[in-house]
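Chains L and U are the protein sequences, given in the same order. In terms of the numbering used here, the first sequence has 178 at position 178, counting the first letter as 1, and numbering is strictly consecutive. In terms of the numbering used here, the second sequence has 264 at position 264, counting the first letter as 1, and numbering is strictly consecutive.
Hints are supplied without guarantee of correctness; some may be wrong.
[Claimed, not checked] Cβ-Cβ distance ranges computed for the label pairs, FRET-style:
hint	chain 1	residue 1	chain 2	residue 2	range
1	L	I21	U	D165	43 to 49 Å
2	L	F211	U	K167	39 to 45 Å
3	U	A15	L	L140	53 to 59 Å
4	L	S14	U	L168	58 to 64 Å
5	L	A143	U	A15	46 to 52 Å
6	U	L168	L	I293	55 to 61 Å
[To be verified] A few chain L residues that don't get close to chain U, going by computed Cβ distances all over 10 Å:
hint	residue
7	L58
8	F117
9	F124
10	A204
11	S210
12	N222
13	V254
14	P287
[What the hints assert, rightly or not] Taking lysine-lysine pairs in the DSBU-like style, the calculated list, with each CA pair at most 35 Å apart, reads:
hint	chain 1	residue 1	chain 2	residue 2
15	U	K167	U	K252
16	L	K121	U	K20
17	U	K332	L	K121
18	U	K107	U	K130
19	U	K128	U	K167
20	L	K118	U	K20
21	U	K208	U	K167
22	U	K167	U	K332
23	L	K118	U	K128
If you are wondering where the hints come from, they were derived from the structure by calculation, not from laboratory data. Predicted model, so just to flag it, every value in this text is computed and none were measured. Beta carbons: idealized from backbone N, C-alpha and C, even for Gly.
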Amino acid sequence: MSAIAAPGRTPGSSIVPRIVIYGLLVFFALIYLIPFFVMLVTSLKTMPEIQHGNMLALPKAPTLDPWVRAWGEACVGLTCEGIHGYFWNSIKMVVPAVAISTFLGALNGYVLTKWRFKGHKLVFGLMLFACFIPFQAVLLPMATVLGEFGQFGKFLTNTTGFTFGFGNPTVNLVFVHVVYGLGFTTLFFRNYYEAFPTELVKAAMVDGASFFQIFRRVLLPNSLPIIVVTVIYQFTNIWNDFLFASAYAGSGDVMPMTVALNNVVNTSTGVVEYNVNMAAAMIAAMPTLLVYILAGRYFVRGLMAGAVKG
Amino acid sequence: MAFLEIDRLVKRFGATEVLKGITLEVEEGGFLVLVGPSGCGKSTLLSMIAGLDTISDGEVRINGRRVNELHPSQRDIAMVFQSYALYPNMTVAENIAFGLEMRGVPKTDREAAVAKVAEMLQMGHLLKRKPSQLSGGQRQRVAMGRALVRDPQVFLFDEPLSNLDAKLRVDMRTEIKRLHQRMGTTIVYVTHDQIEAMTLATQIAVLKDGVLQQFGTPAEVYNNPVNMFVADFMGSPSMNLVPAHIRAENGKTVVALSRANEDDLILDPGVASTKLGAVLGQNVLLGIRPEAITDHDGADRNARTLVDVDCHVEVVEPAGSDTFVVTHLGGKHVIARMRSDASVRGGQRAPFTFNMDKAVFFDPQTELRVA
Numbered sequence: 001m002s003a004i005a006a007p008g009r010t011p012g013s014s015i016v017p018r019i020v021i022y023g024l025l026v027f028f029a030l031i032y033l034i035p036f037f038v039m040l041v042t043s044l045k046t047m048p049e050i051q052h053g054n055m056l057a058l059p060k061a062p063t064l065d066p067w068v069r070a071w072g073e074a075c076v077g078l079t080c081e082g083i084h085g086y087f088w089n090s091i092k093m094v095v096p097a098v099a100i101s102t103f104l105g106a107l108n109g110y111v112l113t114k115w116r117f118k119g120h121k122l123v124f125g126l127m128l129f130a131c132f133i134p135f136q137a138v139l140l141p142m143a144t145v146l147g148e149f150g151q152f153g154k155f156l157t158n159t160t161g162f163t164f165g166f167g168n169p170t171v172n173l174v175f176v177h178v179v180y181g182l183g184f185t186t187l188f189f190r191n192y193y194e195a196f197p198t199e200l201v202k203a204a205m206v207d208g209a210s211f212f213q214i215f216r217r218v219l220l221p222n223s224l225p226i227i228v229v230t231v232i233y234q235f236t237n238i239w240n241d242f243l244f245a246s247a248y249a250g251s252g253d254v255m256p257m258t259v260a261l262n263n264v265v266n267t268s269t270g271v272v273e274y275n276v277n278m279a280a281a282m283i284a285a286m287p288t289l290l291v292y293i294l295a296g297r298y299f300v301r302g303l304m305a306g307a308v309k310g
Numbered sequence: 001m002a003f004l005e006i007d008r009l010v011k012r013f014g015a016t017e018v019l020k021g022i023t024l025e026v027e028e029g030g031f032l033v034l035v036g037p038s039g040c041g042k043s044t045l046l047s048m049i050a051g052l053d054t055i056s057d058g059e060v061r062i063n064g065r066r067v068n069e070l071h072p073s074q075r076d077i078a079m080v081f082q083s084y085a086l087y088p089n090m091t092v093a094e095n096i097a098f099g100l101e102m103r104g105v106p107k108t109d110r111e112a113a114v115a116k117v118a119e120m121l122q123m124g125h126l127l128k129r130k131p132s133q134l135s136g137g138q139r140q141r142v143a144m145g146r147a148l149v150r151d152p153q154v155f156l157f158d159e160p161l162s163n164l165d166a167k168l169r170v171d172m173r174t175e176i177k178r179l180h181q182r183m184g185t186t187i188v189y190v191t192h193d194q195i196e197a198m199t200l201a202t203q204i205a206v207l208k209d210g211v212l213q214q215f216g217t218p219a220e221v222y223n224n225p226v227n228m229f230v231a232d233f234m235g236s237p238s239m240n241l242v243p244a245h246i247r248a249e250n251g252k253t254v255v256a257l258s259r260a261n262e263d264d265l266i267l268d269p270g271v272a273s274t275k276l277g278a279v280l281g282q283n284v285l286l287g288i289r290p291e292a293i294t295d296h297d298g299a300d301r302n303a304r305t306l307v308d309v310d311c312h313v314e315v316v317e318p319a320g321s322d323t324f325v326v327t328h329l330g331g332k333h334v335i336a337r338m339r340s341d342a343s344v345r346g347g348q349r350a351p352f353t354f355n356m357d358k359a360v361f362f363d364p365q366t367e368l369r370v371a
């Protein structure tokens, strides 16, 4: 019908809504992109150019020097060794936290859908509750718990000579992020496995596979979309976290990237080096961008997978 | 002692009993079909034999060994699921070998076993494909291969053909029967399709609402149904169940069927007459299968009691191989199965021959067989 009706209409009437729609889209895209653009061009300019030039102007003589300085020389508090150490701090925190929380979420989802026990709904409800806790509310109790870990670490050092990670700020952050990430990862995997055919699990049981063999050989290989979703979600959240990072690892050389970046910007030794600050911020944002670019095409697919059965 | 024994098996979900004391047994090499309408508990029963559902009460024994407490993998069974349940991430060969791998069979032995099964089911060319690249019939074949490769004591089939189209279903039915004859394994097979049940089974168990209605050979269940449910459920088109009155005429017990605008149709019950003496003067339901009402030439010559009567023909439905003729007796439509070249036309009177050897009688209240 519409194909026949279209030539009868005046060309203008179909173009106007399109102009409005695309115009709005471009407008909002620009609003979104301008800060990013400013960051990028500023990070490639020299300080004199920033001080005397236009914020939106392209760099006259692009230089990577601010990036190099941000990575290796920028001052974080009193030490001026760049942000690279803190970047690795963040990596050391994010990778285990994402891996453990994703794995445990998958295991929870598996049990909550395929090995149901009495009260499984209550357990899932309580885990969901974890998604709605404002993290500010748990700062102090968690600090107490981590303090206990530290005490235990000291006790272990005295008795065995090793802390086994207890009291280590990075380990603490991994622990905190795993605990507070579990609600989400469990939710993702439970909804995905809810639609996963139970007959496959039964077939594997008849085939003689054990609880973990079924999980590893049947469930996990068919979970790629939801694993990608969970990893992207967890990676972004944990990498970008500032609250827990500043509360539990807010000083010294154990700071994660986010806290270090804040300190770079707040460190004032004479002139504010906008170009170095911008470069540091870009470096801080890089890993999440990278994860999106590498795994993003699975992201939408995975979000859909839980929603539509089959 | 039978090979597979199901002894007073009960399944409860909370307070509701979904299986109410089922007792069955199958000889080694037997083919037991559990048949019944949806919700009758047949799939639950199969799951309990497999160990995928817990047993509330009673006992399952395989080859004399109580298996109630055993994990499915230790019961020496293999199962073919309705959805086939092929592992989507594995190739056909890996799917078939998975059960062996879980049991720690060495790789070379696994490969030999897979090759053997693939040859038996003629699917050697499919071994490297993933399940998503297979057609419905091929997936079905792989699912059977996965069960066959383990060489278990009992095969369990859970409505394996219900996802196939009509033609393929008939082909696979034949194939299953051929496999059973060749391998001689014990099979328990669940279906809601009574034709599948009739064609495949050596023993049929008809279930309804968690109660075993009848257990016997296909011929027994078909020819001697114990109640109206079994009579109606087995056979297509289903058995005619006609309200009738048993009375004495000239010192003989006869069956009278009322007819619109006509005298009652009087039938000689033949061999059933002695048993019918007990319900003399009462109303019963006459059960007679369409193929026991024919034209005169199509009747079974060896039958002892054939009754020829003229009836008014309502509708004629030629089906190619047969012609179904509908008449009206006892206030109900009655279907007769005549030869395709029988000269009958709708709206006319035509001669019908009742083979009363095949007639059965039910009590309308209890729905149980009286003769």
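Taking 10 Å as the cut and beta carbons as the points, is L:V254 off the interface with chain U? At about 41 Å from chain U, L:V254 clears the 10 Å cut-off, so the statement holds.
Can you confirm whether the C-alpha distance between U:K107 and U:K130 stays at or below 35 Å? It holds: about 20 Å lies between the C-alpha atoms, which stays within 35 Å.
Distance restraint between U:K128 and U:K167, which requires alpha-carbon spacing of 35 Å or less: holds, 27 Å
Test the statement that L:P287 is away from the interface with chain U: the closest C-beta pair must be farther apart than 10 Å. Nearest chain U Cβ is 29 Å from L:P287, so the label holds.
10 Å Cβ clearance of L:S210 from chain U: Non-interface label on L:S210 violated, nearest chain U Cβ at 8 Å vs cutoff 10 Å.
35 Å limit on alpha-carbon distance, applied to hinted pair L:K118 and U:K20: Distance ~24 Å between L:K118 and U:K20 Cα, so the pair holds.
10 Å cut-off, C-beta based - L:A204 kept clear of every residue in chain U: violated, 7 Å
Pair hint outcome, U:K332 versus L:K121 [Cα-Cα no greater than 35 Å]: Cα-Cα ~52 Å, so violated.
Could one say that the CB atoms of L:A143 and U:A15 fall in the range 46 to 52 Å? At roughly 50 Å between Cβ atoms, U:A15 and L:A143 fall inside 46 to 52 Å, so the hint holds.
Quick check on a hinted range of 43 to 49 Å for L:I21 and U:D165, using CB atoms only. holds, 46 Å
Tell me if the straight-line CA distance from U:K167 to U:K252 falls inside 35 Å. violated, 50 Å
Against the 35 Å threshold, does the CA-CA distance of U:K208 and U:K167 hold or violate the hint? Since the Cα atoms of U:K208 and U:K167 sit roughly 28 Å apart, the hinted pair holds (cutoff 35 Å).
Of the numbered hints stated above, those contradicted by the structure are hints 3, 4, 6, 10, 11, 12, 15, 17, 23, listed in ascending order.
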